[in-house]
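*Asks:* Listed here are the chains, written in short residue letters.
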Amino acid sequence: MRRFYLPALLLLLLGLAQGQTGTTYITPELQRLIQAGGQNYASVLLRQDPAQALCSTHRNRLPAEVLGPFIEEQRKNIKYPADGKLMGDWKQGEAIFNTLARGNCFSCHVGSPLNIGGNVGPSLEKYGQRGTSEAVQRYTYEVIYNTWAYFPCTVMYRFGVGGLLKPEEIAHVVAYLLDPNSDFNTKPALKR
Amino acid sequence: MGRFWRLAGVILLALVGLLALAQEEVDPFEEAQKQKQQLLELSGGILPTDLIAAQGEELFKAKRGPKNASLEACDFGRGPGRLEGVVGRLPRYFFDTRKVEDLDSRIRSCMINLQGLRPDQIRRNEVVAIAFYIASLSNGQPMTVRPLMPQEKRLYELGEKLFYLRAGPRDMGCASCHVTYVGRRAGVLPYSDILGDKRVASHWPAFRYSNDQAWTMADRIRACYSNLSMPAPDFYSEPIIALTLFMNAKAYGGKMDLPGFIR
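Residue numbers (the numbering used here), protein chains in the order written: chain A, 1 to 192; chain B, 1001 to 1263.
Only chain B is shown next, with the shape it has when bound in the complex (with noise of 0.2 Å):
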């Protein structure tokens, strides 16, 4: 652990450093890639984003909880112990819990039932970093999410109606934003153009520069409707797995960049 923390002062350093750096207009995804080209040269090599995988490895690796498992047998599509490219897949119909998961739900499925632990025993970083450790091993490989079973189609269609679905007392609904006024700005972002890019859903979990935060899609729309002053959905419910099935099939052949690495 003494090497993540000198490694994590060296990327603080360096993270503060490029916000001192321009920031004029320029496309979202290219400006972040030159801040990663930066941050890497300037932390001789290393990203946040490696440090929290490497965190999440161990997490994943240890045996942990009142069964003393790790998570090695976790399933997460591709048979158990088999990782790569299954950020791709997810969310997905899963015959042991009966349920549409996503990664997030997927890992805390096995938390549960690998692992022994109760729900209210969960640490959502701890989630995140296990998270960014499965991405890391996605990294390249193809969006392949296709609504099939009559569970992911049943989930797929809600989750269509749920991002068109006006309310509250800003009238809030994605689509007002991520579709009808693409590229416009109301801070420093454009509003991204999740139907019509399929670099949007392919970088999630994606780490942002700006504030220094590990955030996996669950994160995201959350922090989308608190803006809003919504209150939003609990980690790991369905409107989330829902909306996320939604983006992600939309994105059906995009290649994967994890994680990601954004404003």
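Chain A extracted, bound-state conformation (with noise of 0.2 Å):
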């Protein structure tokens, strides 16, 4: 019980220091229940952060008072790779654009000439008919970061935040959708 209780604590501070109202969405009642699901289990759910406890509160749909705020915060996390290259090299980030167990984005988005793509999120077919210029780099880079800068709520998981992909690898998938010469933009696409 102990051991929950006091991340749980940091998280409701972190909160406060941050000015965020309503990051508490975890009440004590709650929490109990996800202890009951095990150690596993309840040590992921209760690692909430403010941003995933305002999606749950006002579920996925951010009235406009807190949507503001909250554009904000989620744009200051963003990283950049060291070297300050938002494109990398289009054949790793194939690589990661279809593994399952990395970005996944085949599963949602249409636009892969290697997997069949999912229509959760919109078509990214020849995504590099948008340019190279830095604008079009910047969101791209941006949106794969840290969707709820531009998405709040959405499915799309926030690569950079969550830990899944580090800054380099992200300029790698940039370079995927934005080369002109990656087979992203050569080669058809795979519809269902």
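No lab work stands behind these hints, which were simulated from the structure alone.
Glycine is no exception: its CB is placed at the ideal position from the N, C-alpha and C atoms.
Check before you lean on any hint, since a few could be wrong.
Stated by the list, open to error - Just so you have them, the derived chain A footprint on chain B, three or more residues with Cβ under 8 Å:
| id | stretch |
| --- | --- |
| 1 | 1156–1165 |
| 2 | 1185–1193 |
| 3 | 1239–1249 |
Said to hold, decoys possible - Residues from chain B shown here face chain A by an in silico Cβ test under 7 Å; the list is partial:
| id | residue |
| --- | --- |
| 4 | 1169 |
| 5 | 1170 |
| 6 | 1233 |
| 7 | 1235 |
Need the complex rebuilt from these two chains, each delivered in its own frame; the hints are there to steer you.
*Replies:* Okay, here's the thing in structure tokens:
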């Protein structure tokens, strides 16, 4: 019991320190319920960050007064590759995009010539047509690093925030999407 | 048992045949219904679920455990031994265990209390088979779960909160798929409309023919967590019961299609 109390308290304080209200979704009663699911389960569910708490509280549809500060907060936690390059090696990006246990991007997006795409997210077919301007690179990088900075509470994982992909790996994926020579832009997308 | 194995063989062959058939995009409920009909024709009128339910019936009626008792005196909410329609009434509060229990955990409680088994002696596949047997006696009955007791109301509310909770490195939460992105596909099957389509909660426990798996709602919930690399709640634990209570209550009035037959 004690073990879970401390992280919950820390998160609460963190939330208060950031001046966010409504960041405590997990009431003591809900906490007890979750703990009854076993230690492994509880160790992940009880470590809810303030943004996750807001999405939970508002059932994934943030009201106008919460939206602004939320997006601002999400933008702040985006980190960039050490060398500042937002486009890496598209070949490495290809592997990440098309691997279930890494990016798993193909499951939700049409566009890959290697895997049949899903339709949870919008089609990214020939995404490279948007060009490689600094603005397009930055948007693409940031959407992948922290999706919630653009689409609050959406289902796409915040790959950088969640620690699923390193900044350099995200840059590889950006290259896969944007490089005009990448297979993503030169070969036909697979569709069901 | 020999007859079982012969039948099991026939069904396995029929299943292999099914998977080779066309897989165009159709409503998953219609598709499963079609596959069920084809399987019935190929196997001469027997479904895999019939075998599992028959196995469950044997287990249910056999005298087992230190107390050498069957489960026939188990009360699933309509009194000892009354099994018809009980699946559509669970989860509910039980005075003897002083807990809200779903089908799985109630079976387990009776194995402990009536048969004298220790929790570590309870085999998951036996509980599933027994669940299929009991489910087969609830087919066509209505879903009538309604949280009225204070314990049920409390757990329902917690189940609802848990359903909307986002957590983990993938920001996982049931509602982000099953409410916001209903009907969209990340794989072969579309995200089902758990809160809007009463058929969803009403066909569990179910047999998944494409994986040859017999699953209860607990297995389904655990798989949704695992698919997003989250640790799943323990079998028979309260989070599973709370989520099931919430989803079943939302399906109030649905017609039970049991045991379910799904992709």
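*Asks:* Look at each hint and say if it fits the structure.
*Replies:* So, going through the hints one by one against the coordinates:
{"no.": "1", "hint": "1156–1165", "verdict": "holds (count 5)"}
{"no.": "2", "hint": "1185–1193", "verdict": "holds (count 4)"}
{"no.": "3", "hint": "1239–1249", "verdict": "holds (count 3)"}
{"no.": "4", "hint": "1169", "verdict": "holds (4 Å)"}
{"no.": "5", "hint": "1170", "verdict": "holds (4 Å)"}
{"no.": "6", "hint": "1233", "verdict": "holds (3 Å)"}
{"no.": "7", "hint": "1235", "verdict": "violated (9 Å)"}
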